[in-house]
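Undergrad: Each chain is listed here by its residues.
2 protein chains.
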Amino acid sequence: MNRRQFLMATSASVAAASLPLYASSNHDAFRIVALVFDDYETLDLHGPIEMLGHMKGVNIELVGARSIIRSYQGPKVVADLDTNQVHHCDLFIIPGGMGTRSLVKDEVFLEWMTRQCHVSNKVFSVCTGSALLASTPLLEGHKATSNKQAFEWVSGLNSKVQWQPRARWIDDRQFITSSGVSAGTDAALALISQYRGRAEADRIATLAEYQWNDDPSNDPFAIEA
Amino acid sequence: MNRRQFLMATSASVAAASLPLYASSNHDAFRIVALVFDDYETLDLHGPIEMLGHMKGVNIELVGARSIIRSYQGPKVVADLDTNQVHHCDLFIIPGGMGTRSLVKDEVFLEWMTRQCHVSNKVFSVCTGSALLASTPLLEGHKATSNKQAFEWVSGLNSKVQWQPRARWIDDRQFITSSGVSAGTDAALALISQYRGRAEADRIATLAEYQWNDDPSNDPFAIEA
Numbered sequence: 001m002n003r004r005q006f007l008m009a010t011s012a013s014v015a016a017a018s019l020p021l022y023a024s025s026n027h028d029a030f031r032i033v034a035l036v037f038d039d040y041e042t043l044d045l046h047g048p049i050e051m052l053g054h055m056k057g058v059n060i061e062l063v064g065a066r067s068i069i070r071s072y073q074g075p076k077v078v079a080d081l082d083t084n085q086v087h088h089c090d091l092f093i094i095p096g097g098m099g100t101r102s103l104v105k106d107e108v109f110l111e112w113m114t115r116q117c118h119v120s121n122k123v124f125s126v127c128t129g130s131a132l133l134a135s136t137p138l139l140e141g142h143k144a145t146s147n148k149q150a151f152e153w154v155s156g157l158n159s160k161v162q163w164q165p166r167a168r169w170i171d172d173r174q175f176i177t178s179s180g181v182s183a184g185t186d187a188a189l190a191l192i193s194q195y196r197g198r199a200e201a202d203r204i205a206t207l208a209e210y211q212w213n214d215d216p217s218n219d220p221f222a223i224e225a
Numbered sequence: 001m002n003r004r005q006f007l008m009a010t011s012a013s014v015a016a017a018s019l020p021l022y023a024s025s026n027h028d029a030f031r032i033v034a035l036v037f038d039d040y041e042t043l044d045l046h047g048p049i050e051m052l053g054h055m056k057g058v059n060i061e062l063v064g065a066r067s068i069i070r071s072y073q074g075p076k077v078v079a080d081l082d083t084n085q086v087h088h089c090d091l092f093i094i095p096g097g098m099g100t101r102s103l104v105k106d107e108v109f110l111e112w113m114t115r116q117c118h119v120s121n122k123v124f125s126v127c128t129g130s131a132l133l134a135s136t137p138l139l140e141g142h143k144a145t146s147n148k149q150a151f152e153w154v155s156g157l158n159s160k161v162q163w164q165p166r167a168r169w170i171d172d173r174q175f176i177t178s179s180g181v182s183a184g185t186d187a188a189l190a191l192i193s194q195y196r197g198r199a200e201a202d203r204i205a206t207l208a209e210y211q212w213n214d215d216p217s218n219d220p221f222a223i224e225a
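Chains as they are written, first to last, in the UniProt record's numbering: chain P, 1 to 225; chain V, 1 to 225.
Just so you know, the hints here were simulated from the structure itself, not pulled from any lab data. Where hints are given, some of them may not hold.
Identical chains blur together in the list; that is why a pair holds if it fits in one copy or across any two.
As the list claims (entries may be wrong) - Below are the EDC-like pairs computed for lysine to aspartate or glutamate, each with C-alpha atoms no more than 20 Å apart in a straight line: (1) 143 to 172; (2) 56 to 38; (3) 56 to 39; (4) 56 to 200; (5) 76 to 39; (6) 122 to 172; (7) 105 to 140; (8) 76 to 38; (9) 76 to 61; (10) 143 to 215; (11) 122 to 61; (12) 143 to 214; (13) 122 to 140; (14) 160 to 140; (15) 160 to 171; (16) 143 to 219; (17) 143 to 171.
With the hints as constraints, model all of the structure from the sequences given.
TA: Right under this line is the structure:
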């Protein structure tokens, strides 16, 4: 069984199995689980958390392989949840960063991530977070984008993904994938607009004094295909 | 002795005393120390860290009253340094957020922060971080700004500060104070431009796919004075 067959078999067995209940103490909350790994890119994670965290009735938890995770910039975060199990959620956030360079080859991690995506209503990758998704069959047949300076590397990981070189973000069924770093903040506001309406997204952008690029086709950092 | 007299007397005694050496293991690095406290605003801290953390030869540490600190949005960070002492640094970052509402009345904290500012070459507040500075005499006689939705509260804390209602950020001698949340990211790039040149600031903004508002007088969220 090669890696892809393994991952697909795992997905099928997870889908058939009974799944763990929410670990969160707030069962009524809109539950967001965000992945952290060493050398994750700071703003890939915290830009979306800033915006999504201002929705009412939201609960945001970090999930990681260890309890303390170091960002590429140095400061460390605490993982609330571990990767020994999967965590049902409304939204699963996958940041990018230099740490993805080793994780795309980590089969244990990719197997967990695949199962985690199967218990997440929506999956939101930022920057090279889409490299992790592209290292499994999850994104195949979907339109997706990624960091534009790492685009050749990411798009080379999986030719069955319809990679978009000009997009601030792409929202295609279960997966929303953003371009590099700051684009994740714009995509997060687009999600808020879907979940809670445009007025709520505007309210949050204004309180954060953030000039939202709200047009997914407006990509100032696009590359030639 | 009232609070202000206490803080000023403390400042004078600190200035006269010998000061602790760098605790960092990297003595040659450009040392950034960033304050964290419960209910700090996520992007106030992590937007500047994203940008400043891409400067070469930089070392960023968090300082807090406890080892684990919870953001307003929920996720937690690890404090590398404690507030039992002060930490010499090139840049001291003070984020804002709901946690400032109690800290402006916390004399033990304000006394430490005053001493910390005295061993920091430059002090950079984001959003309502300037409320903390304004609760001491530190900003008096300086131009400064703050979050525009909290402007009345912050400016009411100290009438000896020259509050600017229309400014993305204000850089006045030792203190650079930014407007709300996202404005800190723009101000951080302005600092990088000062420290390392415009080309380096542009390089970092581009790799983060960030549309930098590089004009401190361009304040889309300004209020009427």
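Undergrad: All the hints need checking, so say for each whether the structure fits it.
TA: Tested hints:
| no. | hint | in the structure |
| --- | --- | --- |
| 1 | 143 to 172 | within (6 Å within a copy, 48 Å between copies) |
| 2 | 56 to 38 | between (30 Å within a copy, 19 Å between copies) |
| 3 | 56 to 39 | between (30 Å within a copy, 16 Å between copies) |
| 4 | 56 to 200 | within (10 Å within a copy, 39 Å between copies) |
| 5 | 76 to 39 | both (10 Å within a copy, 17 Å between copies) |
| 6 | 122 to 172 | within (10 Å within a copy, 45 Å between copies) |
| 7 | 105 to 140 | within (18 Å within a copy, 55 Å between copies) |
| 8 | 76 to 38 | both (9 Å within a copy, 15 Å between copies) |
| 9 | 76 to 61 | both (15 Å within a copy, 9 Å between copies) |
| 10 | 143 to 215 | within (17 Å within a copy, 36 Å between copies) |
| 11 | 122 to 61 | within (15 Å within a copy, 34 Å between copies) |
| 12 | 143 to 214 | within (19 Å within a copy, 33 Å between copies) |
| 13 | 122 to 140 | within (16 Å within a copy, 49 Å between copies) |
| 14 | 160 to 140 | within (5 Å within a copy, 61 Å between copies) |
| 15 | 160 to 171 | within (17 Å within a copy, 50 Å between copies) |
| 16 | 143 to 219 | within (16 Å within a copy, 36 Å between copies) |
| 17 | 143 to 171 | within (8 Å within a copy, 44 Å between copies) |
The structure agrees with every numbered hint stated previously.
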